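Trainee: Chains as they are written, first to last, in our numbering: chain W, 835 to 1063; chain X, 835 to 1063; chain B, 116 to 411; chain H, 116 to 411.
Be careful, since some hints might not be right.
Calculated from the model, a selection of chain B residues having no Cβ within reach of chain H, i.e. all distances over 12 angstroms [said to hold, decoys possible]:
{"#": "1", "residue": "Asn130"}
{"#": "2", "residue": "Met140"}
{"#": "3", "residue": "Ser145"}
{"#": "4", "residue": "Phe159"}
{"#": "5", "residue": "Asn165"}
{"#": "6", "residue": "Asp169"}
{"#": "7", "residue": "Ala188"}
{"#": "8", "residue": "Ile202"}
{"#": "9", "residue": "Ala203"}
{"#": "10", "residue": "Arg280"}
{"#": "11", "residue": "Ile295"}
{"#": "12", "residue": "Ala311"}
{"#": "13", "residue": "Lys365"}
{"#": "14", "residue": "Val378"}
{"#": "15", "residue": "Ile384"}
{"#": "16", "residue": "Val395"}
Derived, one-sided and incomplete: chain B residues facing chain W with beta-carbon distance under 8 angstroms [to be verified]:
{"#": "17", "residue": "Tyr123"}
{"#": "18", "residue": "Glu318"}
{"#": "19", "residue": "Ile325"}
{"#": "20", "residue": "Gly326"}
{"#": "21", "residue": "Thr328"}
{"#": "22", "residue": "Val411"}
Which stretches of chain W does chain X cover? Using the computed rule of at least three CB atoms under 8 angstroms from a CB of chain X, they are [claimed, not checked]:
{"#": "23", "segment": "845-851"}
{"#": "24", "segment": "880-886"}
{"#": "25", "segment": "930-940"}
{"#": "26", "segment": "997-1009"}
Honestly, the hints are just simulated from the structure, not real lab data.
Model, not experiment: these values are computed from the prediction.
Even glycine gets a Cβ: it sits at the ideal position worked out from N, Cα and C.
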Amino acid sequence: MIRLVNVSKVYDNGVTALSNVNINIKAGDFVFLVGPSGAGKTTIIKLLLKEIEPTSGDIFVNDKNVTVLKRKEIPYFRRNIGVVFQDFRLLPDRNVYDNIAFAMQVVGTPSKEIRRRVPLMLSLVNLSSKAYAYPNELSGGEQQRVVLARAIANNPPVLIADEPTGNLDPDTGWDIVNLLSEINRRGTTVIMATHAKEIVDAMRKRVIILKKGTVISDQEKGVYLDDVK
Amino acid sequence: MIRLVNVSKVYDNGVTALSNVNINIKAGDFVFLVGPSGAGKTTIIKLLLKEIEPTSGDIFVNDKNVTVLKRKEIPYFRRNIGVVFQDFRLLPDRNVYDNIAFAMQVVGTPSKEIRRRVPLMLSLVNLSSKAYAYPNELSGGEQQRVVLARAIANNPPVLIADEPTGNLDPDTGWDIVNLLSEINRRGTTVIMATHAKEIVDAMRKRVIILKKGTVISDQEKGVYLDDVK
Amino acid sequence: MMLSNIGYYIKEGFNGILRHKAMSMAAIISIIIALFMLGSIIVFGLNVSNVIGDMESSLEVIVFLKDDMSDQAIERLDGELRNMEGIADVRYISKADAFGKWKEQFGDQSDYLEGYTAEDNPLPRSYEVRLKEPSYADDVVNALNGREGIEKVQYNSEVADTLNRLVTAVRWMGLIIVGILLVIAVVIIMNTVRLAVFARRNEINIMKYIGATNWFIRWPFIIEGAVIGLTGSILSLALLKMLYDFAVSKLSSILNMVNFIPVNDAMNIAMLIIMVTGIVAGIIGSAVSIRRYLKV
Amino acid sequence: MMLSNIGYYIKEGFNGILRHKAMSMAAIISIIIALFMLGSIIVFGLNVSNVIGDMESSLEVIVFLKDDMSDQAIERLDGELRNMEGIADVRYISKADAFGKWKEQFGDQSDYLEGYTAEDNPLPRSYEVRLKEPSYADDVVNALNGREGIEKVQYNSEVADTLNRLVTAVRWMGLIIVGILLVIAVVIIMNTVRLAVFARRNEINIMKYIGATNWFIRWPFIIEGAVIGLTGSILSLALLKMLYDFAVSKLSSILNMVNFIPVNDAMNIAMLIIMVTGIVAGIIGSAVSIRRYLKV
Ligand SMILES: Nc1ncnc2c1ncn2[C@@H]1O[C@H](COP(=O)(O)OP(=O)(O)OP(=O)(O)O)[C@@H](O)[C@H]1O
Ligand SMILES: Nc1ncnc2c1ncn2[C@@H]1O[C@H](COP(=O)(O)OP(=O)(O)OP(=O)(O)O)[C@@H](O)[C@H]1O
Ligand SMILES: [Mg+2]
Ligand SMILES: [Mg+2]
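Start from the sequences and build out the full structure, keeping to the hints where you can.
Mentor: Here it is, written out as structure tokens:
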């Protein structure tokens, strides 16, 4: 489903964010991506979305080589991947409802279906009461949950979540992880970059540990190693 | 030092974020502000900064009634409070060095002093290598640490940190908390809004728990209560 | 452009304007200004060429007749003149008419005609021929010169040449100025739209990251640009009409020799240019300026 | 404004321009356009009033002398005329001069002067008096009219009146147009700066939240506005000079009766207005538009 082959990324300013990373994720997997701040987790996610280009190596998503994707194909490609961005990226001039609806309009969902599904998504992330609030009227944790609702609205085959519990209290965090887990059970491949040691340790899923741009550990039913720093 | 007296906050869209909150924090205290997502933690911080006005009640910082502060006095008032914003608020068109230097220029620090102190701050948060990177070239955790460096650059008598470890791995998170703790030991009043249960439980400092806009618990040497939700 | 999305595009286009009122206002003001100037110069140019046209058409070819020319010959000439190409109007000046004109013009200053009467005087009979356009002058003069019974054909070719050159100069200058102002209008409009789009660059980026196609992002902006352009051009037309009415009412008393073009005629011509410029520049401005933000 | 910060403000002002190159470019282009139009109309207006001035000063008072006027009397009159207020130039036309002029003007068309010689003819001697300004005409005409030895004082007061009214109209219209364009230039510039500031509203907010005073935030923006205004005005002046040179060189052959104002004279007057407008509008534009974002 998702494969990174000898991927390296050196940013324009000379920072090496990833060096020679190899990752293979099968359809239906649930993978935690962990590692200290600056390890390269977000970089991997941006590569998967073709938001940035790898300096070398190949990236496959759905057996498509992402690096050779044509500009015209990128939008359609991105629709296969629901993303919870670490920096949220909500449209500031649309309310919560419209932010989620927009993601569905983009893929051409009929408006009837949109009207049915958006409230569903909002209740899933426990934000029904905030449907008409604008992003700047939400708390950090609420924004994070809106982004999650948007990411799963189109039922994408792959869901990538970058630090989806960073602004959430443990309880709400667990609600979200359980939701991701449920989505995964229904067949969606889930990749979650996180620092939440408790959650990683409790879930006993596959854990890929990055450090300074290299994969230093990749275990099924893994745990968050404290001494990686 | 800091007192909230019967403070309520109803936002323009009718959301009641705080109702009748009373908090009294003495100079030199170290206080954790915890509570589920949307409880009102960030709202309290914004009130302390006079970023928003309370609907009713009085707020005192340094024995000054914040609610009656004149517009002209606000900038000078804010310089007493170093803040780690939950949404970072770095100047996007200045590099890390200049972001921190800017905070010092604002208070009229001589440039010689700025040149001496900025590298010091950067090494404290372990970001010396990123001095010339722009905010959009930093990982989430790195941005968070820059904001912390900026907040403490002027040695403010009060330091407020909103979720300062939200994007950090546990190790780096602990480094930051230890740093705050050290700063507190030197006399700075520290208020930290957080969801990091582990940290709160281990530190055994004062814990104020908010829920749906009211203080439901306020204990010296408290812990993060799991069942508040 | 998926047809099913038209409704969404239009709704979003208008929403974009309403969501960013200050920005839309700024854009509309810029457009009004740019198009108002364009319209002003068009209306001004139309009036100037109208004035010159009036002056030109008042230039006449005067055909002096020999005193011995017979009435039949005159009648024949009359008929020929009226059928000649390029002639707008022919007026016969009898000896009496000529006498009257002379008196009127010189009065007591000259005693040249003292002792003569209206019917019997040395002034020649003549035809005053108004041309449709000065360019016909040479043909007409050549056709008449040296003809039997004709004493002399007079045409003030110097003034005509000057007017002709003036007309050419004014037309060229007008075209150049309108051209420059057209470019200026387009640049101002595109510039404004560019800044407006720049202020919303993050929005565009975010849309791209969640899988929107370029056209899906572009259409609302284009419609927004078109609506802003249309609004700006209508308002600038209204302003132009108001000020032109006012200027005509004020100036026609001062410049009484000038024959101002009626407001509606002037407007009709300006209208098309202004509306098309406004809308097209709005559309192109928004389409072009989002391009660089779409490349993610 | 803390003096110690001047260095910082200036540095930041220039940094602001460099950090936002696209935006600064857009602003400078708008300013160039606005000021270029302002300058064009000023230069155009100066030339028009120059042309009318030339036409006016070519209007002459003609004093026809009686044939029996003695040479001494003429000499006396001559002296008086030359000392009279408002008179620019006096030219004596002898009978021979008059004869020559007549011949030149009418040639063979008229046999009025047939048989006469240059020395002996019925044409009167005269003075052609050029006035400094048409407004002196009445005084001069009244002082001379009915004086001994003077047959008639001729002055084409109708044309003079028209020119006078034209001059008034042109001056007023010029002032109004320059006024309107000045407003337009200021609006365009402020509008542009407004959008540029809008695009940086978050930056301003953040500064406020970390304790920057309004003036600390404002100064770099004001300096930025001033520099952009100055750059725009210098470039628009350069453009104007270039195009004016070009236009003069092209047009002076077509409009040979027009006496174009030398480029430097025209520029001097336009320069001051343009530079001041550009800089002031840049400064005010940036100062005003950040105001609303400072209220946090
Ligand atoms: N656009 C960029 N230009 C230059 N360097 C960058 C850029 N984005 C990230 N980096 C650098 O690349 C490294 C990896 O960043 P990345 O965002 O992938 O880290 P991360 O693992 O997501 O960290 P965190 O947990 O703090 O979010 C960091 O050192 C960062 O400074
Ligand atoms: N500007 C605003 N306008 C309207 N409502 C707001 C605004 N800001 C916050 N709110 C609402 O007020 C409540 C409290 O928000 P606040 O940001 O204080 O929560 P928080 O405790 O910081 O939560 P989190 O842990 O998720 O950051 C939330 O329900 C939020 O939706
Ligand atoms: Mg990251
Ligand atoms: Mg918060």
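Trainee: May I ask which of the numbered hints given earlier this structure violates, with the numbers listed in increasing order?
Mentor: Hints 2, 3, 4, 10, 11, 12, 13, 24 and 25 contradicted; others consistent.
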